[in-house]
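From just these sequences and the hints, can you work out the full model?
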Amino acid sequence: MTEDQQRLSEIINDINDLMGEAIELIPENMVERAKSYWYAHIMCAVSDDHEFLGGSMHHMQDCLDEWMEQEEEDSDRIRTWMSQEDEDDYIANNPLPNDEDTDLRHEDNFYNLMRDEDRD
Numbered sequence: 140m141t142e143d144q145q146r147l148s149e150i151i152n153d154i155n156d157l158m159g160e161a162i163e164l165i166p167e168n169m170v171e172r173a174k175s176y177w178y179a180h181i182m183c184a185v186s187d188d189h190e191f192l193g194g195s196m197h198h199m200q201d202c203l204d205e206w207m208e209q210e211e212e213d214s215d216r217i218r219t220w221m222s223q224e225d226e227d228d229y230i231a232n233n234p235l236p237n238d239e240d241t242d243l244r245h246e247d248n249f250y251n252l253m254r255d256e257d258r259d
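In the working numbering, the protein residues as written are 140 to 259.
Keep in mind the hints are simulated off the structure, nothing from the lab. A few of these clues could be false.
Quick list of the computed label-pair ranges, beta carbon to beta carbon [what the hints assert, rightly or not]: (1) ARG172 with MET207: 34 to 44 Å; (2) ASP187 with ALA231: 25 to 35 Å; (3) GLU210 with CYS183: 21 to 31 Å; (4) GLN144 with PRO166: 51 to 61 Å; (5) PRO166 with ASP188: 41 to 51 Å; (6) GLU210 with ASN232: 26 to 36 Å.
Predicted model, so just to flag it, every value in this text is computed and none were measured. We put the beta carbon where it would ideally sit given N, CA and C, even for glycine.
See the structure below:
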């Protein structure tokens, strides 16, 4: 879990804790009305961990779970392409051979530069 993902998880937990505290603070005769409106909306938007029948199509916990799965998939996937910056770095660190260093007119030098599959 990245630092940002950890922070989002903490925020989700904090909201749950604060909502529990908020519902306990209001007068008992107002609890049912709060649970029918603002409390239910907030709790359903945070996660499926609530007492209500309904829910959100995509709540905060879904977002975090999806984000973490995406990170796992990205780390498992082999990159088959380079960004322009990656390509520039590769070229800078792996320069092409200087023609003056290698005389391709001699068969030995030419043969050594060939790919294995192109040899004889």
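Status of each hint after checking the structure:
no.: 1; hint: ARG172 with MET207: 34 to 44 Å; result: holds, 36 Å
no.: 2; hint: ASP187 with ALA231: 25 to 35 Å; result: violated, 50 Å
no.: 3; hint: GLU210 with CYS183: 21 to 31 Å; result: holds, 26 Å
no.: 4; hint: GLN144 with PRO166: 51 to 61 Å; result: violated, 38 Å
no.: 5; hint: PRO166 with ASP188: 41 to 51 Å; result: violated, 25 Å
no.: 6; hint: GLU210 with ASN232: 26 to 36 Å; result: holds, 27 Å
Consistency with the previously given hints fails for numbers 2, 4 and 5, ordered from lowest to highest.
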